[in-house]
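Q: Here the protein sequences come in this chain order: Y and C.
Using my numbering, the letters of the first sequence map in sequence onto residues 1 to 338.
Using my numbering, the letters of the second sequence map in sequence onto residues 1 to 338.
No wet-lab data here; the hints were simulated from the structure.
As the structure is a prediction and not an experimental result, all values here were calculated from the model.
Among the clues, some could well be false.
Heads up, the list lumps identical chains together, so a pair's fine if it works in one copy or across two of them.
[Unchecked claim] Below, a list of computed lysine-lysine pairs in the DSSO-like style, where the Cα atoms sit at most 30 Å apart:
id	residue 1	residue 2
1	K10	K131
2	K259	K90
3	K10	K252
4	K10	K256
5	K170	K329
2 protein chains.
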Amino acid sequence: MPVGTKGSVKAVSPEDLDEAGARIILANTYHLYLRPGHHTIGRLGGLHRFMNWPRPILTDSGGFQVYSLTPLRTITDKGVIFQSHIDGSKHFIGPEEAIDIQETLGADIIMAFDECAPYPSDYEYVQRSVKLTTSWARRSLDRKKRNDQALFGIVQGGMYADLREISARKLVEMGFDGYALGGLSVGEDQSTRQRVIGETINFLPEDKPVYLMGVGTPEDIVDAVNFGIDMFDCVMPTRNARNGTLFTSAGKMTIKNAKYAEDGRPADENCDCYTCSNYSRAYLRHLFMAREILSYRLNTIHNLSYYSRLMADLRTAIREERIAEYSAKLYRSYRKNN
Amino acid sequence: MPVGTKGSVKAVSPEDLDEAGARIILANTYHLYLRPGHHTIGRLGGLHRFMNWPRPILTDSGGFQVYSLTPLRTITDKGVIFQSHIDGSKHFIGPEEAIDIQETLGADIIMAFDECAPYPSDYEYVQRSVKLTTSWARRSLDRKKRNDQALFGIVQGGMYADLREISARKLVEMGFDGYALGGLSVGEDQSTRQRVIGETINFLPEDKPVYLMGVGTPEDIVDAVNFGIDMFDCVMPTRNARNGTLFTSAGKMTIKNAKYAEDGRPADENCDCYTCSNYSRAYLRHLFMAREILSYRLNTIHNLSYYSRLMADLRTAIREERIAEYSAKLYRSYRKNN
């Protein structure tokens, strides 16, 4: 899922997203709640209509942003009191509010309110945090009124296998439409993340989608798919695009590199996206060096197309039982060039 | 002509331009000469291919930018020695170099090298400047080698009627494919500009295009068309778009205005552009307040569509002999709202 934090996937239009192969995007409840406000979006017909994106949208619960972006916050059993990072104003969001906001925004998939424990946190903190997240998940389910939105629960538990198991089992008992793994990609090393994914996913039902939040690089995604993860969101393709880093079939490409100054080839010779079909590396480099706004758009279209194709290729590889072969090939292309 | 200074009309793609009704754009020789360099663009197949814009392009001579942007410059009969505004490096451009660069870039219309006298300048300075511009125009014509590019001469002469007449008569004797009025919109008041346009245009042939450089607001354009001007370039539609000012059939609109926060109507209810067909004032305001990159693109598409329609309407009004009526209506819409 490309990330459209404030109701726009940065630098691209809905048509660009569609052409790049995006079939669902993520929007951030916290940001839209603060600006322009969920009631405003609701009165204007909901988020799909507001941003002119008719395909599926997933909204996060706002939890992660409340913990990571706000200057001051107080967590109680009821929910979280926090200050806006925009104007310092005081706000309260608990599980009931998170569901109400997401129902007003009107996404297709909404998320239960959770506490994302900081990393690293000691066992006792994470144990209390899992209890809180579990009770908030129950209250999120109970609050839900709309029948046309799927609700996912978020498994927490830090890097502790037994707490992850407890969190997963409790959520599965409640019966969500899908399950997310939260509290990963927060600073832990790769092998720790892999261990936690592997330990947790066994407690989740095979017939429901499993979503790894905030991941990741192409290698991270391939890794996680090998563990059985189905869904991802990450700012990496869009943010890296704006920083001039392109993901290609030959690995990562830094477009400002002088060697591209007169290179008439497309960024990725194995890519049929709008950018690669119409523009040379030389032009992409020029736009980036000259800080032209078009640079951000063309790079973003390419990276999103790359990620869409990565996911499509993974689906095919799974169907054709070539996932190991495909994974090995992708790891090689990234190791070789970076 | 929308302005694509560095080989990109800021914030939009060639397809956006086409859909907005643009049929010719301007690119700046000075900027492209410095970065990425005309030889680079030439080796990559010329400017049309470089920027993926198959329709006509006009390049200016570089003269105006050399005078207005560079920190240090020395003007001699040969040409101008100047420092790059990017890295301070020293360069020389005279009429021969300006033509060579423009032939390498490969635009459809190229401009003779001129001196644009500062405003205000005394009579003696402008008199010498017209002599220089006249001799440079001759040398530009003599240097021209390609037969698939039109070459326009630039009339100078400051605000002095007799010098404008001399400049125009000399250029017409030489026989250019079109004529531009330079040295206007440089700080003079509106009535002075109108006087100079009116005094100068009589000395230019009716069967050649006349191009007023760097103008202007919708009212300025309607004024100038009433005097017989055919072509314009201006950064106003694109720059104002990025500053959140939209041109509409009801006058200028400041999109960040709080009154648009929940306004579900399109920016201009009489506009069928991509932006007005798909997005509300509320969304455009939100994107602008949140500094989303998409804001610049959507606003630019609208303003360019507005300007294209303005020019198309003026052509129709001329054909149907309703130009006075059309002009009065446009003046009213802008006076009423601003």
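Q: If a hint holds in the structure, say so; if it does not, say that too.
A: Evaluated hints:
{"no.": "1", "hint": "K10 - K131", "result": "neither (36 Å within a copy, 52 Å between copies)"}
{"no.": "2", "hint": "K259 - K90", "result": "between (51 Å within a copy, 24 Å between copies)"}
{"no.": "3", "hint": "K10 - K252", "result": "both (20 Å within a copy, 27 Å between copies)"}
{"no.": "4", "hint": "K10 - K256", "result": "both (20 Å within a copy, 19 Å between copies)"}
{"no.": "5", "hint": "K170 - K329", "result": "neither (38 Å within a copy, 69 Å between copies)"}
Taken one by one, the earlier hints fail for this structure at numbers 1 and 5, listed in ascending order.
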